[in-house]
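J.: Please work from the sequences and hints to get the whole structure.
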Amino acid sequence: MQVHRVSRQYVIRKLLIMIPSLLGISIVLFALLALAPGDPFDELATNPAVPPEVRAALRAKFGLDDPIWMRYWHWLIALLQGDWGFSFVSRMDVSTLILQRLPVTLVVIGASQILAIAIAIPVGVLAATRPYSLFDQIANTFAFIGFSLPTFFTGLVLILVFSIQLDWLPFVYRADISATGWEFYWEHIKQSIMPVTVLGLFQGAALVRFVRSSVLDVIRLDYVTTARSKGIGERKVITRHVVRTALIPVVTLVALQMPIVFSGAVVTEQIFRVPGIGSLLITSMLSNDTPVVMGVTFVSACLVVFFNLIADILYGWLDPRIAFR
Amino acid sequence: MAGSTPASLSASAPAAAPAARKAQRFSPWHEAWRRFRRHKMALFSAVALFLIVFGVLAGPFLWPVAINEIDFAAKLQGPSWAHPLGTDDLGQDLLARLIYGGRISIAVGVAAMVVAIFFGLLVGAIAGMSSGRVDAALMWVTDLFLSLPQLPLLLLVIYLFREPVKGVLGVEGGAFVLIVAVIGGTRWMSAARLVRAQFLSLREKEFVEAARALGASKLRQVVQHILPNALGPVIVVATIDIAAAIIAESTLSFLGLGFPSDVPTWGSVLRDAKDYLDIAPHWALFPGSLIFITVLAINFIGDGLRDALDPRRVL
Numbered sequence: 001m002q003v004h005r006v007s008r009q010y011v012i013r014k015l016l017i018m019i020p021s022l023l024g025i026s027i028v029l030f031a032l033l034a035l036a037p038g039d040p041f042d043e044l045a046t047n048p049a050v051p052p053e054v055r056a057a058l059r060a061k062f063g064l065d066d067p068i069w070m071r072y073w074h075w076l077i078a079l080l081q082g083d084w085g086f087s088f089v090s091r092m093d094v095s096t097l098i099l100q101r102l103p104v105t106l107v108v109i110g111a112s113q114i115l116a117i118a119i120a121i122p123v124g125v126l127a128a129t130r131p132y133s134l135f136d137q138i139a140n141t142f143a144f145i146g147f148s149l150p151t152f153f154t155g156l157v158l159i160l161v162f163s164i165q166l167d168w169l170p171f172v173y174r175a176d177i178s179a180t181g182w183e184f185y186w187e188h189i190k191q192s193i194m195p196v197t198v199l200g201l202f203q204g205a206a207l208v209r210f211v212r213s214s215v216l217d218v219i220r221l222d223y224v225t226t227a228r229s230k231g232i233g234e235r236k237v238i239t240r241h242v243v244r245t246a247l248i249p250v251v252t253l254v255a256l257q258m259p260i261v262f263s264g265a266v267v268t269e270q271i272f273r274v275p276g277i278g279s280l281l282i283t284s285m286l287s288n289d290t291p292v293v294m295g296v297t298f299v300s301a302c303l304v305v306f307f308n309l310i311a312d313i314l315y316g317w318l319d320p321r322i323a324f325r
Numbered sequence: 001m002a003g004s005t006p007a008s009l010s011a012s013a014p015a016a017a018p019a020a021r022k023a024q025r026f027s028p029w030h031e032a033w034r035r036f037r038r039h040k041m042a043l044f045s046a047v048a049l050f051l052i053v054f055g056v057l058a059g060p061f062l063w064p065v066a067i068n069e070i071d072f073a074a075k076l077q078g079p080s081w082a083h084p085l086g087t088d089d090l091g092q093d094l095l096a097r098l099i100y101g102g103r104i105s106i107a108v109g110v111a112a113m114v115v116a117i118f119f120g121l122l123v124g125a126i127a128g129m130s131s132g133r134v135d136a137a138l139m140w141v142t143d144l145f146l147s148l149p150q151l152p153l154l155l156l157v158i159y160l161f162r163e164p165v166k167g168v169l170g171v172e173g174g175a176f177v178l179i180v181a182v183i184g185g186t187r188w189m190s191a192a193r194l195v196r197a198q199f200l201s202l203r204e205k206e207f208v209e210a211a212r213a214l215g216a217s218k219l220r221q222v223v224q225h226i227l228p229n230a231l232g233p234v235i236v237v238a239t240i241d242i243a244a245a246i247i248a249e250s251t252l253s254f255l256g257l258g259f260p261s262d263v264p265t266w267g268s269v270l271r272d273a274k275d276y277l278d279i280a281p282h283w284a285l286f287p288g289s290l291i292f293i294t295v296l297a298i299n300f301i302g303d304g305l306r307d308a309l310d311p312r313r314v315l
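So the protein lines, in turn, are chains A and B. Counting in the working numbering, the first sequence runs from 1 upward without gaps. Counting in the working numbering, the second sequence runs from 1 upward without gaps.
Honestly, the hints are just simulated from the structure, not real lab data. Worth double-checking, as some hints may not be accurate.
[Unchecked claim] Facing chain A, according to a computed beta carbon distance under 10 Å, are these residues of chain B, among others:
1. P84
2. L148
3. L154
4. I291
5. V295
[Claimed, not checked] If you want a taste of the chain A side facing chain B, the calculated C-beta under 8 Å gives, among others:
6. P67
7. I68
8. F153
9. V266
10. L281
11. L286
Note that beta-carbon positions come from the ideal geometry of N, C-alpha and C, so glycine has one too.
T.: Spelled out as structure tokens, the structure:
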């Protein structure tokens, strides 16, 4: 198997493309914040104990009367310096809070993506090698069911069956597990099974159809026929010749679906009370903790852009034609 | 797209006599209906969806029970003759609440789809007709929106604008307008890209060139010649968008940031139910199944329409 190297130029170019999209995202977020009615000093205006001059001075101090582009500039600089504000609800810096919560989310999302890929690739490839067979039709129907089931409903049904009826799995995710050694890991795995399954099945269902159509596109190409006519076994043709080519667009799709995965993660974290950034987002919204809300939204947007970058690089690695264009 | 279950080769045997068919004239819609009927799941789903829509529209007349009649004597009851779908923790009748909620959920889905398709058509058509800078800029914006995490963004907008909109339009109207605008505003991108791709290829076709040569204005070229031919895939996307919008609305309501609890939608009933899963599972299972069945039916219909409206597909 020949592995070709992605040129450094290609990676740098992709990194440079990332910058305008990050800027764009920051503009969207800032515009939303600026357009939203309500001003942090509104309360002071209605408070008779605060004279108008004090209020004006405070506004001037925090730059609320500056032109909008200047406010954006200050906000952006603060963001880049890691000064994301202070959470009055949790009594700590927003950046610290997010960094505490981020690993759990990444683990849950990562595990569910692996589960989704582990389901989707074999099922999709099998379905594509026997198009319109019974297996294909069953797989297709299940795929439809899988992505029509909202994650919050699947989550509740799993809780109902496995936590309440069967009492096998805990339905609240705990960060403070007292057990040590193997027991500790076992408890963690047990409590992650349901959130990961919910997300993974949803993702997998969408992926199956894509893998199938991608393999179907490739399987009819001439080089596959050539491989077969050389006497290579069908199994080897599929695994070595077809799947490797067919998976190239799948890689992109996995990355492009990251925004959807994040949406799913917010819901699953909320249902199973996983202490990740998704549930942090919801709790801070319900408690009006604006700095945290902005921080989490920005971080999730950055992660999506970052995964797109990874997809681009992987794509360039898998398909040499792209990196040299 | 693959994944659909078109009939097998043997099922298209009647097509073996094309000469006989040529004599008859079929309108495109007639032809589409003929293709659609072959997708059994889609046909079955169309019936199921019709029943659900009819149920929520005619429901209040057939089941005239108040959605907010509190009766503590009958709280958390399972299905019975008095309450076919059981009651919630305040003894309110679930069937009545789900009928009412279905109206809102489906209305939100359709309205959000209209908003999304409108913007998608607008952006896609402008980008597809103008080349160069305008196209590049619009596509950059589209890609930017595609790379935003949808749910956090939805939640953020609702979080920031909920109170002021509520002040202007009232609790229920405000929530409806805001949710429709936000879901539509974050879902137009795929339609825009699709429309643009269609426009780019269609505008170079001979029949459009002929119209151009005859002096048809840009608007006329678009409205009369390009748009009707680009409509098929747009209808498919629009159908699937309804399903996605229904899920989005239920998700928002489920998370407590959509419709308030006193306005029952399928999502907000489910949110109230989730704390009583152990003693009243029916309360969560009914709204959840309704969302699931509706969304599944719409997705299958979309798949059937994809088969039906693709003129290149031989069925």
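J.: Would you mind marking each hint as holding or not holding in the structure?
T.: Results of checking the hints against the structure:
1. Interface restraint check for P84/B: the shortest CB-CB distance to chain A comes to about 21 Å, outside 10 Å, so the restraint is violated.
2. Proximity of L148/B to chain A holds as hinted, the smallest CB-CB distance being about 6 Å (cut-off 10 Å).
3. With a cut of 10 Å, the hint placing L154/B at the interface with chain A holds, because the nearest CB-to-CB distance is about 8 Å.
4. The interface hint given for I291/B is met, as the beta carbon of that residue sits about 6 Å from the closest beta carbon of chain A, less than 10 Å.
5. Restraint check, V295/B versus chain A: the minimum CB separation of about 4 Å is within 10 Å; hint holds.
6. Taking 8 Å as the C-beta cut-off, the interface hint given for P67/A is violated, the closest approach to chain B being about 21 Å.
7. Look at I68/A: its Cβ only gets to about 16 Å from chain B, farther than 8 Å, so that hint breaks.
8. Interface hint status for F153/A: upheld, as the beta-carbon distance to the closest one in chain B is roughly 4 Å, under 8 Å.
9. About 5 Å separates the beta-carbon of V266/A from the nearest beta-carbon of chain B, less than 8 Å, and the hint is met.
10. Look at L281/A: its Cβ gets to within about 6 Å of chain B, closer than 8 Å, so that hint holds up.
11. For L286/A, the interface hint holds, since its Cβ comes within 8 Å of a Cβ in chain B; the closest pair sits about 6 Å apart.
This entry does not satisfy hints 1, 6 and 7, going by the numbered hints stated previously.
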